[in-house]
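Enquirer: Each chain, letter by letter, is given below.
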Amino acid sequence: MTPALERARRRRAWSPGDAAGAVVLTGLAALALVVLVAPLLVVVLISFDGREYIGFPPERLSLRWYQALWGHAQLIDAAKVSLRVALDVTLAGVVLGVPAAYALVRGTFPGRTVAGAFLVAPQMMPGLVIGVAVLFFGAYFAFRASHLMLILSLTVFCLPFVIRIAMARLAGLDPALEEASAALGAGRFETFLRVTLPQVAGAVLGAAAVVFIEAFDNVTVALFTASARARPLAVELYYLVQYDSSPLVAAVSAFEILLAFLAVAVASRTIGLERIGR
Amino acid sequence: MSAPAVTWTDAAWVRRIVRGRGIWPAVPALLYVFVMLAVPLAVLFAFGFLTIDRGRVIPGSFTVAHYQRILTDSLSWLLFWRSFRLGVATTLLCLVLGYPVAYLYTLVGPAARKLLLIAVISPLLTSALVRTYAWLVILGGRRGLLNTVLLRLGIVDTPLRILNTDWAVLIGLTQVHLPFMILPLIAALASRDRFLEEASANLGASRLETFLRVVVPLSLPGIAAGTALVFALSYTNFIIPQLLGGGTYSTVAVKVYEQTIVILDWATGAVLAALLLGSCFVLVLLITWTANRAMAWREGTR
Amino acid sequence: MTAPHVRLQGIRKAFGALAVLRDCDLEVEKGEVMTLLGPSGCGKTTLLRTIAGFVVPDAGSVSIGGRDVTLHPPNRRSVGMVFQHYALFPHMTVFGNVAYGLRVRRLGREEIDRRVRAALELVELAALPERWPAQLSGGQQQRVALARVLVLAPEVLLLDEPFGALDAKLRQAMQVDLRQLVRRLGITTVFVTHDQDEALTLSDRIAVMRGGVIEQVGTPLEIYDRPASTYVADFVGLSNLLPGEVRAGRIELGRSVVLPTDRTGRVTVVIRPEHLAVRRDEAGPGWPGTLTFVKHAGATTEYQVDVGGPAPLRVLAMRDPGGDLLEVGDRVRVELRDSAAWVVLGEGARP
Numbered sequence: 001m002t003p004a005l006e007r008a009r010r011r012r013a014w015s016p017g018d019a020a021g022a023v024v025l026t027g028l029a030a031l032a033l034v035v036l037v038a039p040l041l042v043v044v045l046i047s048f049d050g051r052e053y054i055g056f057p058p059e060r061l062s063l064r065w066y067q068a069l070w071g072h073a074q075l076i077d078a079a080k081v082s083l084r085v086a087l088d089v090t091l092a093g094v095v096l097g098v099p100a101a102y103a104l105v106r107g108t109f110p111g112r113t114v115a116g117a118f119l120v121a122p123q124m125m126p127g128l129v130i131g132v133a134v135l136f137f138g139a140y141f142a143f144r145a146s147h148l149m150l151i152l153s154l155t156v157f158c159l160p161f162v163i164r165i166a167m168a169r170l171a172g173l174d175p176a177l178e179e180a181s182a183a184l185g186a187g188r189f190e191t192f193l194r195v196t197l198p199q200v201a202g203a204v205l206g207a208a209a210v211v212f213i214e215a216f217d218n219v220t221v222a223l224f225t226a227s228a229r230a231r232p233l234a235v236e237l238y239y240l241v242q243y244d245s246s247p248l249v250a251a252v253s254a255f256e257i258l259l260a261f262l263a264v265a266v267a268s269r270t271i272g273l274e275r276i277g278r
Numbered sequence: 001m002s003a004p005a006v007t008w009t010d011a012a013w014v015r016r017i018v019r020g021r022g023i024w025p026a027v028p029a030l031l032y033v034f035v036m037l038a039v040p041l042a043v044l045f046a047f048g049f050l051t052i053d054r055g056r057v058i059p060g061s062f063t064v065a066h067y068q069r070i071l072t073d074s075l076s077w078l079l080f081w082r083s084f085r086l087g088v089a090t091t092l093l094c095l096v097l098g099y100p101v102a103y104l105y106t107l108v109g110p111a112a113r114k115l116l117l118i119a120v121i122s123p124l125l126t127s128a129l130v131r132t133y134a135w136l137v138i139l140g141g142r143r144g145l146l147n148t149v150l151l152r153l154g155i156v157d158t159p160l161r162i163l164n165t166d167w168a169v170l171i172g173l174t175q176v177h178l179p180f181m182i183l184p185l186i187a188a189l190a191s192r193d194r195f196l197e198e199a200s201a202n203l204g205a206s207r208l209e210t211f212l213r214v215v216v217p218l219s220l221p222g223i224a225a226g227t228a229l230v231f232a233l234s235y236t237n238f239i240i241p242q243l244l245g246g247g248t249y250s251t252v253a254v255k256v257y258e259q260t261i262v263i264l265d266w267a268t269g270a271v272l273a274a275l276l277l278g279s280c281f282v283l284v285l286l287i288t289w290t291a292n293r294a295m296a297w298r299e300g301t302r
Numbered sequence: 001m002t003a004p005h006v007r008l009q010g011i012r013k014a015f016g017a018l019a020v021l022r023d024c025d026l027e028v029e030k031g032e033v034m035t036l037l038g039p040s041g042c043g044k045t046t047l048l049r050t051i052a053g054f055v056v057p058d059a060g061s062v063s064i065g066g067r068d069v070t071l072h073p074p075n076r077r078s079v080g081m082v083f084q085h086y087a088l089f090p091h092m093t094v095f096g097n098v099a100y101g102l103r104v105r106r107l108g109r110e111e112i113d114r115r116v117r118a119a120l121e122l123v124e125l126a127a128l129p130e131r132w133p134a135q136l137s138g139g140q141q142q143r144v145a146l147a148r149v150l151v152l153a154p155e156v157l158l159l160d161e162p163f164g165a166l167d168a169k170l171r172q173a174m175q176v177d178l179r180q181l182v183r184r185l186g187i188t189t190v191f192v193t194h195d196q197d198e199a200l201t202l203s204d205r206i207a208v209m210r211g212g213v214i215e216q217v218g219t220p221l222e223i224y225d226r227p228a229s230t231y232v233a234d235f236v237g238l239s240n241l242l243p244g245e246v247r248a249g250r251i252e253l254g255r256s257v258v259l260p261t262d263r264t265g266r267v268t269v270v271i272r273p274e275h276l277a278v279r280r281d282e283a284g285p286g287w288p289g290t291l292t293f294v295k296h297a298g299a300t301t302e303y304q305v306d307v308g309g310p311a312p313l314r315v316l317a318m319r320d321p322g323g324d325l326l327e328v329g330d331r332v333r334v335e336l337r338d339s340a341a342w343v344v345l346g347e348g349a350r351p
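Protein chains in written order, with this note's numbering: chain H, 1 to 278; chain X, 1 to 302; chain C, 1 to 351.
Please note that a few of the clues may not be correct.
What the hints assert, rightly or not - One-sided and incomplete, this derived list gives chain H residues near chain X with beta-carbon spacing under 8 Å:
1. Leu-5
2. Leu-33
3. Ile-54
4. Leu-104
5. Arg-106
6. Val-114
7. Phe-136
8. Leu-223
9. Ala-234
10. Ile-257
By construction, these hints were calculated from the structure, which means they are not laboratory data. No residue lacks a Cβ here, since even glycine has one placed at the ideal position from N, Cα and C.
Work out the full structure: start from the sequences and follow the hints.
Expert: Encoded structure:
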């Protein structure tokens, strides 16, 4: 079909309402995408600003703030704390969540749906409520906010995500493989280890990546359950943002954005981007 | 008469009980969630009825005074109203901005889709703090990005004071929660039946009419899921109102934080947290119930 | 001769590197029931969708009622399409579905009510306007889909494998119903199907397609008795394809079977199984061989005889209760019957 004909065809196919609708749709979508992405770009740009204060556009591009980060003991310590916390939470989440998912998918016990809903319930709770509840719970038994309490509270916060992803992957597995393993003489645990686990490993890795990031970044729960002496990076940032108006925070943020992209890369390869809804 | 033989069914029955029909792998997680969520929630609820002095519970001091005090204080109601307003406004804004993105996703090819997903999901994995900080930079004072651009282009004469107002909080909340609206919408829209749209066109409807009469109504499950999620999250968010709203700006969630961490009035914190959670639950239930009513046609498929 | 109601000329369409339609021409008369018949991938659905406007051809033209509609979008053509899985709007009742087109045209409420009820009467679903599509059986859904387009009085009715989703028994009943309905309304209809039986039941004319090309258009009888290619001969009904060479205006097949013909060179002779017979005595003209397969199908008996060629000869005989039963392994002779008809085609697919 010639270009002129193609144009004529298109003109006939669009009513005025269609055209207006398309304009509105594209405009809103563009606005939404700008709103989503612009803040991240701005932060990264600011982190290279050589000035002492935040302003736009950045002048005198320099790496001074990244250098400042390197020597900033408080932030480095906080980052280490966050790293340890994130690793522990991820480990706990996987160790608790994957077997639970297996039981929910393959098990035949009564009350399976209720158990499933119960395990996924923390996802419905705002981080605020979980943080306060765990804090009070600990206080009741004379435990103060601490590294351990932070890990425990973040684990219960992140557990549903691991379970959901693992369940989705397990449900998609061919049960015939496990049956074949049993027919060849393997016990249930051995079958789980040799046949089931390798197949879900990818999905679990993806879920772990997301949980890691969430535990590393988390502020809402951490503000309540983190100890005052060993503060995670996110909490440190929270206070920093309120009194420090230099681009230092931007530099830290730039790192976190980098981390986020890494997690997206891992997750997209293992569980597919669409699954990373809360 | 000889004793009845032990049949294999007896043994199997015993084995089934012991094996628990596959429940054991879930037991650690179940116990964990019970101990780390169910019990703490109960404690949280209980604290609203106790007297607490500097983080120490005074035993046997059951009282409803806290609830009375808070429920009769007009300030509390004001805070709840503001939280509610923010929640509703954020949800509406996210819906209006998010739906086009989700719809666009279903129209474009795989390469563009990947880009869109990255644009939508990366903010999700970035800490809310980072994003809030970004808005501080963009919306802040005379040297903020927005004002710099507007002044340079001559659209305004004096810098706009957006920071420390409702609007800043609304913008921050919207940006942070947009992905939570977009992802369920994508799920609902991507799996739609294209033949329905063709049938609609065949029957004479324009593209716009097909969109409004067929596509949107059938995406209601996605709309409901996204709405419930975004509302619950924005209603209970305290970081953004605190940082973008300024020192005197407060919502229920902010108050909970204040009372619990700063002022150390745990009883008040517990009451507010319980009320916040309860009201959030009711409102989300309302949203889901309304959506289910509108989707009555699904009955036949069950 | 009146102009054809639907005319496709020189339709070509490729999806990427795949050429789906190669130069198709088709004419459908007003009030006629035309079927596009062929295996999956032959392009029949694409051709149907070209008439509907969902596929824009790379070259060629589509006209309906004398008007060139090639550039018209699918919502501006006077055609009604029934989709393979009906595409009923799940969020609207039966009434809502049928009323959809009328509502889009902004008709008044009473008018809509009247017309919808009339359409439902037409397809014998008058009692079910308040049901949801999910509550209907497959046959009922199909009728709603029909009512939905018929209520708009389209010039052409298009149906994409309308009986594919129904079970065999229902299918036959509905085929008859549909044919009668369409006849009564006198509406030009184009079907798409891969089931030759269906095509033979429903159509006034059939267009047999293969690989994006229309191999032959004709009435069911024409297609059957005078297939234009070995493909058509083989696709519609059973056939025996016998290669041979023409010498002096005649072809000699088997033993002393001589057929006159105008063709020359290498040819393929098509003989339908019902034009052959199996005889016990091995002497005589025909094809001697061994019986390899017998199927007693009630009123008829089907035989396959290995006569040394590339494929066994298939023979279809009416049941002869008094005759002796032949068994696998018997030495027999396949004979051309007196009333035999045959078709001589050039070697290969096309005459």
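Enquirer: List, from low to high, the hint numbers that the structure doesn't satisfy.
Expert: 1, 6
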